[in-house]
Amino acid sequence: MEATNADLVLDGNAVAGVLVEVFGDDLTAVRGTCPDCGREAALATCRAYTHAPGIVLRCSVCDGVQLRIARTPRGYRYEARVRMEGRFPASG
Amino acid sequence: MTTTLEWQIATVTAIRTETEKVKSFTLSLPRWMPHRAGQHYDVRLTAPDGYRAQRSYSIASEPERAGEIDLTIERVEGGEVSAFMHEVVVTGDRVEVRGPIGGYFVWETAAGGPLLLVAGGSGVVPLMSMLRHRAAASSTVPARLLYSSRTYDDVIYRDELDRLKARGESFEVFHTLTRAQPPGWTGFARRIDARMLSEVSQVYGAKALTFICGPTPLVESAANGLLELGLRAERIKTERFGPSGT
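Chains as they are written, first to last, in our numbering: chain A, 10 to 101; chain B, 2 to 247.
None of these hints come from the bench; they were simulated from the model. Among the hints, a few may not be true.
Stated by the list, open to error - So the derived label-pair ranges between C-beta atoms look like this:
#, chain 1, residue 1, chain 2, residue 2, range
1, A, G47, B, R17, 42 to 52 Å
2, A, P82, B, V91, 29 to 39 Å
3, A, A61, B, L6, 39 to 49 Å
4, A, E94, B, L230, 24 to 34 Å
5, A, R80, B, R180, 15 to 25 Å
6, B, Y153, A, G47, 24 to 34 Å
Said to hold, decoys possible - Just a few of them, taken from the derived set where beta-carbon distance is under 7 Å, the chain A residues facing chain B:
#, residue
7, A25
8, G26
9, V29
10, V31
11, D35
12, T37
13, A38
14, E49
15, A53
16, T81
17, P82
18, A89
19, M93
Even glycine gets a Cβ: it sits at the ideal position worked out from N, Cα and C.
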């Protein structure tokens, strides 16, 4: 049986490791606001599409794209549409 | 601060068959650090030609167990990593992992309760870590697990859940079997629905601290059902995963 895209959807929890790689911190508990519908929730609750060349996080209410991450030979590229509020731990 | 991002080589020290499709792997970690119940590890496989596959698996064990973790992995049809773990890996093998990761779907005894846990299939794994943590820390936080499986033989950790329940300490488990039930079955026998959620969660009222983990349809229907019962959205945490279903 072939899995459909809907079967393969995960959530933000599943990409915590990649978020650490890209942003240097686990952002899954950070709250973000969807630029399309205004939903405010932890990034962990976004739908995550990971079975493609890149990773796409979408709003769980309106399906609007929140964050796109692609791995390229020269490192990660990302585009963030989600508005994030939060505090990064001070270095050290 | 110790970074959890670095890959390390873990050694598989034990493999336990949980159900026909599910095995638990004990990994001994050279750079172990205590996790928070609900967190996961990433497992990475590298083929001789450099091709890599990576998946994220919930930790099943309690953080009180030093030096090692258990990952409980369901064999997914066509899954590169789970198939390798199930069919190729033997005790003594080494696998590349990094973790613990995840700061959202986590529970510690200090977070209190009462704890309402809702699981579908192998979604029980991170919740089991919470229950094992609760037991290891001698926490008396009231806890209830509503656990949906296809059949009796698909119930992961069945005996251990019975033992935890027998210890009392205000833990109760409610099974629902959605496909087939053994003769004399007294548990639920349908998909999780509003009436079932109400029956299980009512005693806690709206105070419950809720963790739901399973396939997307189960997670969404359980979360929506509990919101309708008056539970507060900020007290409901969810984790959904891919191909499975109950």
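Residue hint T81/A, partner chain B, criterion CB-CB below 7 Å: violated, 15 Å
Interface hint for A53/A, Cβ within 7 Å of any Cβ on chain B: For A53/A, the interface hint holds, since the closest Cβ of chain B sits about 4 Å away, which is under 7 Å.
CB-CB spacing for R180/B and R80/A relative to the 15 to 25 Å hint: Violated: the Cβ-Cβ distance is about 39 Å, outside 15 to 25 Å.
Restraint satisfaction for P82/A [CB to CB of chain B, less than 7 Å]: Violated, about 13 Å.
E94/A paired with L230/B, Cβ distance criterion 24 to 34 Å: holds, 30 Å
Cut-off 7 Å, beta-carbon criterion: hint that V29/A touches chain B: holds, 5 Å
When the least beta-carbon distance from G26/A to chain B is tested against 7 Å, hint result: holds, 4 Å
Range agreement (Cβ of G47/A with Cβ of Y153/B, hint 24 to 34 Å): Taking Cβ atoms as reference, Y153/B and G47/A lie about 45 Å apart, which means the hint is violated.
Status of the E49/A interface restraint (C-beta, 7 Å, chain B): violated, 10 Å
Satisfaction of the V31/A interface hint, Cβ to chain B closer than 7 Å: violated, 11 Å
Outcome for the supplied range 39 to 49 Å, where the beta carbon pair is A61/A and L6/B: Violated, since A61/A and L6/B (Cβ atoms, about 23 Å apart) do not stay within the stated range.
Hint check, M93/A versus chain B [nearest Cβ-Cβ separation less than 7 Å]: violated, 14 Å
When held up to the earlier numbered hints, the structure conflicts with 3, 5, 6, 10, 14, 16, 17, 18, 19 and fits the remainder.
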